[in-house]
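Between the sequences and the hints, there should be enough to build the whole structure, so can you do that?
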Amino acid sequence: MNQFITAVLTSLSSGAIYALMSISLVLVWRSTRVINFTQAGQAVLTTYIGYGVIQKTGSYWIALAAAVIGGALIGAVIDRFFMRPIFKRITSGPIALIAPVVATLGLLGIIQASIGIIWGISYQSIEAPVSTDGFDINGQVIAFNRFNLFVLATVTVTMLLLTILFQRTNIGLALRASAYSPEIAKLSGIKVDAVRTFGWAIAGAASGLAGMLYIPGYYLYPNAMDLLLVFGFIAAVIGGLDSLIGAVVGAMILGFGLSFSRTYISTEILFPTAFILLIVVLLIKPDGIFSAKKKRGA
Amino acid sequence: MTSSKRRLITFVIIGWVLLLISDHVGPLRLYQGSYVATYTLAVASIILLTGYSGQLSLGHGALMAVGAYAGALAIDKATLNPILGLIVATFVAGLFGLILGFAVARLSGPYLAGTTLALAVALPTLANEFEILGGQQGLPFDVGSSPERFGEEFSQYKWYFWICALAALIMIWWIANLVSGKYGRTYRALRDNPIAAELSGINVGRQKVIAFAISSGAAGLSGGLLVILLGGVSPSAFPLGVSFFLLTGAIITGLYNLKGVILGGLILVALPEIADSLASRIGESEGLTNSLPDLLVSALLILAVVFTPNGPGQILKRHHSK
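Heads up: the protein sequence lines correspond to chains A and B, in order. Note that the first sequence covers residues 1 to 298 in this note's numbering. Note that the second sequence covers residues 1 to 322 in this note's numbering.
No lab work stands behind these hints: they were computed from the structure. Since we're looking at a predicted model, the values are computed, not measured. Just so it is clear, CB atoms sit at the ideal spot from N, CA and C, and this is done for glycine as well. Keep in mind that a hint or two might mislead.
[As the list claims (entries may be wrong)] So, partial list: chain B residues that the calculated Cβ filter (under 10 angstroms) puts toward chain A:
| # | residue |
| --- | --- |
| 1 | T50 |
| 2 | F91 |
| 3 | L100 |
| 4 | V104 |
| 5 | G114 |
| 6 | L123 |
| 7 | E129 |
| 8 | K259 |
| 9 | I262 |
| 10 | L263 |
| 11 | E286 |
| 12 | D294 |
| 13 | I302 |
| 14 | V305 |
| 15 | P309 |
Following this line, the structure appears as structure tokens:
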């Protein structure tokens, strides 16, 4: 029974982190029609910034704030000074479909290699700000701790804030409008380019948060977020790539799938489980669970 | 003379010249030459898939791993002749690609890219699960020493070079024939305008699956060649970086032209060497020596895709037309 409870709880907290990644991917996808592979680089770079802040100040909380703000800035800068010029330059031909994706991959490589040069490639660790001793249930210690709870709470609050932003504010309306139909949004007086950069900034902040919440249980190194990127992508596809709610639900499905297969089958089959989940969803419902009515195009 | 005959003669001459050259260069150059041949084949398989049939794969390393493991099993467990092992590698990877192609060929753009990326992450870890695949240690991929009739003088490296160069030449020759014929026209039609292609009676899905299978087969063969050079196959032989590395080679070469494909192989072998010597000149730090090659590859990838998306030939052509 305890094993089951533990599996459910860890599903929730790991699913919460996947959700941050998948939301970042979906936000960028909706506004730019690009799967932003740089996301892993943005997340790991902001976490290194957080790590640097911890070295200086000793406070996880200041580092968390720095990572989130830094993540937003980095996201905005990447869109404004990297993606936008590329889109302006390459507009036609078959390469136009491939170039932006490849560019995000290249930028991912540059960020990771630069981190390796600046901070080195050895493993670093970030101490969790709260206890990581497992909770005690009826005298038995389970693999779910205060920090996992903190992760779950933080992500829940973040989701609520994002929902308010998207549903209740003007900028949220502009974001949704430019994602739905950039042309009409432009005609209605929305500065689509600026709104897009804002979307990238939110995505960057979310991935910074994801990094700071993920790393305390693991180690920090230049490629530390690659797997999180893959999981975030799978979650986003399960949810339909276009839907923010879908991204969260997809992340939870993935979190449960992985956590239960780890608890009840084997720790080694994590990636195969994720991949099989992805293929099954693509075969049965290629548009994802929360698909928009549009057919999936390039 | 038809163009296919001319191509055959060209390839035979290239092969003959390469074998002649192999008599006159040292073991290091032969070893590097083997890598050039292997990477060139891998890059050609990506050009076929991404350039010609328009499917972006970020997981070619996984397809190479399938071929490498299949070949290693055939040689190590079924005690097949190593050359037959390479053929097994090609066909098993091709079959794998065929099955995978059915699942993913209807996906476009980002979905395909992400799915193949997930495959590249998932597949190597699977090898740890099966004892027959040798776990972390992996399996040997031993092509043995050269046949006795080649004489005592025939070095091991020359043998590697002969295998890699000939295998790559034969496979690339076949791909070149394929893309210059009916299939090539079909793929170009598919890539440039899938809807128009479908309206003119092309079975889009089937063509994409076929392209996937052939590209996988070629990737599987190059995977087999790569692990000959590495001395064996293990999960760590095909990290995610390999897939990106090869994609970079394909983009630098130009995705839409098979002619310059050797350039991709040459650059992929030369770049790490250049980066190494640069790194040792700048400093001795571990981070620098490890990360500088990646930095160069990634920078080159971005520059290539932004400035010469259709390959370096594009610049030459532009100068001509001025």
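*Check each numbered hint from earlier against the structure, then list the numbers of those it violates in ascending order.*
Violated hints (numbers, rising): 2, 8, 9, 10; every other hint is consistent with the structure.
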